[in-house]
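Peer 1: If you read the sequences in order, they're chains A and B. If you read the first sequence in my numbering, its first letter stands for residue 1, the second for the next number, and so on. If you read the second sequence in my numbering, its first letter stands for residue 1001, the second for the next number, and so on.
Derived by calculation from the structure, the hints in this document are not laboratory data. Yeah, the Cβ is synthetic: ideal placement off N, Cα and C, and Gly gets one too. Careful: at least some of the hints might be erroneous.
[Stated by the list, open to error] Facing chain B, from chain A, some residues (calculated, C-beta under 7 Å):
id : residue
1  : Glu16
2  : Arg86
3  : Gly87
4  : Lys111
5  : Leu126
[Stated by the list, open to error] Taking beta-carbon pairs under 10 Å as the criterion, some of the chain B residues facing chain A (in silico):
id : residue
6  : Tyr1012
7  : Val1034
8  : Lys1038
9  : Leu1042
10 : Val1043
11 : Glu1045
12 : Gly1046
13 : Leu1052
14 : His1055
15 : Phe1083
16 : Ile1085
17 : Gln1086
18 : Lys1088
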Amino acid sequence: MADEFSELTFKEDLAEVLFLPEASHWKIEHIGPLEVHVALSSVKLPADVFNVRLYWNSYPMEPPSLKFRDPATGRIDLPTAWPEVRGFRPASLDACVNWCSEGFVTHPEWKNDPKTKWNPQGNALLRVLRLLQRELDEFFVKRFQQ
Amino acid sequence: MEHEIIKVEVHYIAAKKPFVTEAKRTETVGQLKVQALKAFGLVEEGNKTFKLFFHKTELQNLDETLGQVAGDKKELKLDLEEFIIQGK
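Whenever a hint applies, use it, and build me the whole structure from the sequences.
Peer 2: Printed below as a string of structure tokens:
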């Protein structure tokens, strides 16, 4: 269960994000206290929309879990729901980056290095959404095919 | 000096608004970075550092002046970036 500080901070940060002009590129659904589903796409292929689930256990002190989901079924166990960008591993259903919790599971050494550890400063939701959008815009190859 | 003052915008990925200031062209990149970090409430510690980028090029020389970076432009838009890593 999310603590009160996390819930309030998340609400505030989500409100900030929704107010930004760039949020028009994202369809954001507030699912749970610390969970959003976001539809977004790459500028390289706008018609191919991806749906990501971001879920925090503690906001903003910990990085979010990042999973791509099939919007029709809600399943998060489909590699084809994932885009091919840097550090993403659709076949393993995870992203190996220092801005989601799964990355720190694969690379626990990142937690102990001030350079690579999760940075909770600022609007953490905005950070993750912008990083995700940047990856999609600059490094998108294609939707993963099995 | 013509256009002695330059309008500077520094964008940070986790901030909804950029840090905006008017600076002298003789001000250095390092001086601007200190102001930007303070404005965003960021602290550098150990090897946790932030870097300024201009058009995706890192401004490595902190002694360079904003005038040198901007050239004949009256405005300067920079990005303050933190370290992002991808594994396999």
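Peer 1: Please list, smallest to largest, the hint numbers that this structure does not respect.
Peer 2: 4, 7, 8, 13, 14
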